[in-house]
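As you go down the protein sequences, you meet chains A and B in turn.
Residue 13 in our numbering sits at position 13 of the first sequence; the count goes up by one each step and never skips.
Position in the second sequence counted from 1, then plus 1000, gives you our numbering.
Worth double-checking, as some hints may not be accurate.
[Said to hold, decoys possible] Here are the simulated SDA-like cross-link-like pairs (lysine to any residue), alpha carbons at most 20 Å apart as the crow flies: (1) 136/A - 1172/B; (2) 1179/B - 22/A; (3) 22/A - 1019/B; (4) 136/A - 1213/B; (5) 1179/B - 209/A; (6) 2/A - 1184/B; (7) 270/A - 1089/B; (8) 136/A - 1116/B; (9) 1011/B - 18/A; (10) 216/A - 1175/B; (11) 270/A - 1179/B; (12) 246/A - 1119/B.
[To be verified] Restraint-style ranges between C-beta atoms, simulated for each label pair: (13) 227/A - 1051/B: 43 to 51 Å; (14) 1116/B - 95/A: 37 to 45 Å; (15) 1177/B - 181/A: 22 to 30 Å; (16) 1177/B - 124/A: 39 to 47 Å; (17) 218/A - 1160/B: 34 to 42 Å; (18) 1190/B - 87/A: 34 to 42 Å; (19) 1178/B - 227/A: 25 to 33 Å; (20) 1051/B - 121/A: 28 to 36 Å; (21) 1273/B - 256/A: 39 to 47 Å.
[Unchecked claim] To list a few chain B residues with every Cβ distance to chain A over 10 Å, as calculated: (22) 1027; (23) 1087; (24) 1128; (25) 1159; (26) 1179; (27) 1231; (28) 1233; (29) 1240; (30) 1257; (31) 1258; (32) 1279; (33) 1283.
These are calculated hints, taken from the structure and not from any lab test.
Beta carbons are placed, not taken as given, at the ideal position from N, Cα and C, and that holds for glycine.
Here's the letter readout for the chains.
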Amino acid sequence: MKINCELVKRILVRFIREELQKFGFYRGIIGLSGGLDSTVCCYLAKEALGEKNVFALILPYKDLNKKDVEDAKEIAEKLRISYKIIDISPMIDIYFEKYPTENKILIGNKMARERMSILYDFSARENALVIGTSNKSELLLGYGTIHGDLAWAINPLGDLYKTQIFQLAEHLGVPEKIIKKTPSAGLWEDQTDEGEIGITYSEIDEILYQLIDRRKPPQELISLGYEKKKIDRIVSLIRISQFKRKMPPIAKISIRTVGLDFLYSRDWYK
Amino acid sequence: MKVMVAQIAPKLGDIEKNFQIHLDILENARKDKTDLVVFPELSLTGYSLQDLIPEVAIQIENNHYFDELKKISKEISFIIGFVEEKEKGIFYNSAAFFNKGKIIHIHRKVFLPNYGIFEEARFFASGNKFEVVSTDLGNFGILICRDFLHFPTSYILFVGGAEIVVVVSNSPVRGISDKEYFESARFWECHGEDVARLLTSFVIYCNRVGFEEGLCFGGGSFICNPFGKLLRKADYVDEEIFTEEINLNEVRNARIVAPYKRDDSPELILKELKKILSAKEKE
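Turn these sequences into a full structure, and let the hints steer you where they fit.
Have a look at this one:
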């Protein structure tokens, strides 16, 4: 699980710069929560695009995650990137006043999608592409909101496990208090990733690495001494979230169909 | 012989732009009295072509890019990668060797990778031979990327008299660790060093860099001498164009020190292969 952080940094910096420039963009916009992933993204984007070309949006809901908002401001100021704080409470509250619910997942998803909506609005205002921050652990477990935090123009972190992002963060000089934070989507009070999933990231990542990267079948992992309950939970999370990782299907009727056999890379003529 | 390895980042599907990149490099190389310039696999087109293949395919007769390249090759030799339409609607992943105003050799990729991130056999026809071409610069064999990883391919070139094995490649990085290289980069280097040492030949490996829809091509182009020594290696992430002087006397020297060529017995190997294959047929 150990990575050569300098090599990874160079590749991700080139990725951000090249993929943006191919599409005629020189600026990136990032939803900065004050957590680890979005902070690492800001560090990489600054290196790739320069401090003037990175725009951070800090999007709190009322006083939820007050400490994170302070940290996000501090990160943006430390990196000398421009930022804007927009409180999403009015938009969220007016909706749930009309359509009330006690289901915190519904509220959390709505908040994630509100943030996406603002990010994309500012993407056009600022002429900057949205840089996604979901990591490989989250993507594989489906730990993200479809059309919410899973919406982006490019994502430099999507092939790094959470434990690898900790290493990269240290290499990039991210402040220790950000690295030491308990990972959280911050969608409700006391929500933590590991609490919700029920397994620690170091265990999750080790199992995912064996299953996905090394292609070991679940049965083999169990015989190697991994806990069956945890393997089953992880395999089931991966399976039920496949829809979040694929473009939605289109019914094929014609000879050549978008998404099926109209096969051109995104980087066509770029 | 002065060899230039051009580790570039072609633009996907944009032949005009890529052609210009080739011209600029060739012009500098010519001024610098370089004898041979090696460009990566599919250097004129980029890699992830899919349905773009018919749009970028070249029929080598009466193609204005190739006509111009032939003219340039009166003064400098070079190997480029392109999509070849050999017959109507049949496309090959090909590499052309330009020398003395002509195309003296075309290698059509034989082993088309078709797994994981690769889907070449879905779009390309396979070549069916490995040939050595004799030139004023020496005896060359060309392999395209995956061809090289099937180890008998270099051996065929060795038996055919090759002194220089040129491998043109579009290898994306896979497998990060705490090492200074990707797993995917290391196996090219290991294999390159071994092939050079055991075939007592030069190995020139030219890979590309840059991204195509998330695929990161891993550079690391290199030249190994016939003693298996890595003479030069390019960066894993960025463009790099390097020139290295290679001396073909080294082939002779290496074959005196380590007479693998003298002691080789292709007849025996062929006999044994035939034996195995005929036994398999009977199964």
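Okay, the hints, checked on the actual structure:
1. 136/A - 1172/B: 19 Å, holds
2. 1179/B - 22/A: Measuring from Cα to Cα gives roughly 30 Å; hence the hint is violated.
3. 22/A - 1019/B: 18 Å, holds
4. 136/A - 1213/B: 17 Å, holds
5. 1179/B - 209/A: 17 Å, holds
6. 2/A - 1184/B: Given that 20 Å is the threshold and the Cα spacing comes to 17 Å, the pair holds.
7. 270/A - 1089/B: 25 Å, violated
8. 136/A - 1116/B: 18 Å, holds
9. 1011/B - 18/A: Answer holds: residue 1011/B to residue 18/A is near 11 Å, not above 20 Å.
10. 216/A - 1175/B: 16 Å, holds
11. 270/A - 1179/B: 32 Å, violated
12. 246/A - 1119/B: With a Cα-Cα distance of about 19 Å, the restraint between residue 246/A and residue 1119/B holds, given a limit of 20 Å.
13. 227/A - 1051/B: 43 to 51 Å: 46 Å, holds
14. 1116/B - 95/A: 37 to 45 Å: 44 Å, holds
15. 1177/B - 181/A: 22 to 30 Å: 27 Å, holds
16. 1177/B - 124/A: 39 to 47 Å: 40 Å, holds
17. 218/A - 1160/B: 34 to 42 Å: 48 Å, violated
18. 1190/B - 87/A: 34 to 42 Å: 57 Å, violated
19. 1178/B - 227/A: 25 to 33 Å: 27 Å, holds
20. 1051/B - 121/A: 28 to 36 Å: 34 Å, holds
21. 1273/B - 256/A: 39 to 47 Å: Given a distance of about 44 Å, which is inside 39 to 47 Å, the answer is holds.
22. 1027: 25 Å, holds
23. 1087: For residue 1087/B, whose nearest Cβ neighbour in chain A is about 22 Å away, the distance exceeds 10 Å, so it holds.
24. 1128: At about 26 Å from chain A, residue 1128/B clears the 10 Å cut-off, so the statement holds.
25. 1159: 37 Å, holds
26. 1179: Non-interface label fails for residue 1179/B: nearest chain A Cβ at 6 Å, not farther than 10 Å.
27. 1231: 23 Å, holds
28. 1233: It holds; residue 1233/B is separated from chain A by about 14 Å at its closest Cβ, greater than 10 Å.
29. 1240: 13 Å, holds
30. 1257: 36 Å, holds
31. 1258: 34 Å, holds
32. 1279: Nearest chain A Cβ is 32 Å from residue 1279/B, so the label holds.
33. 1283: Holds: least Cβ distance 29 Å, greater than 10 Å.
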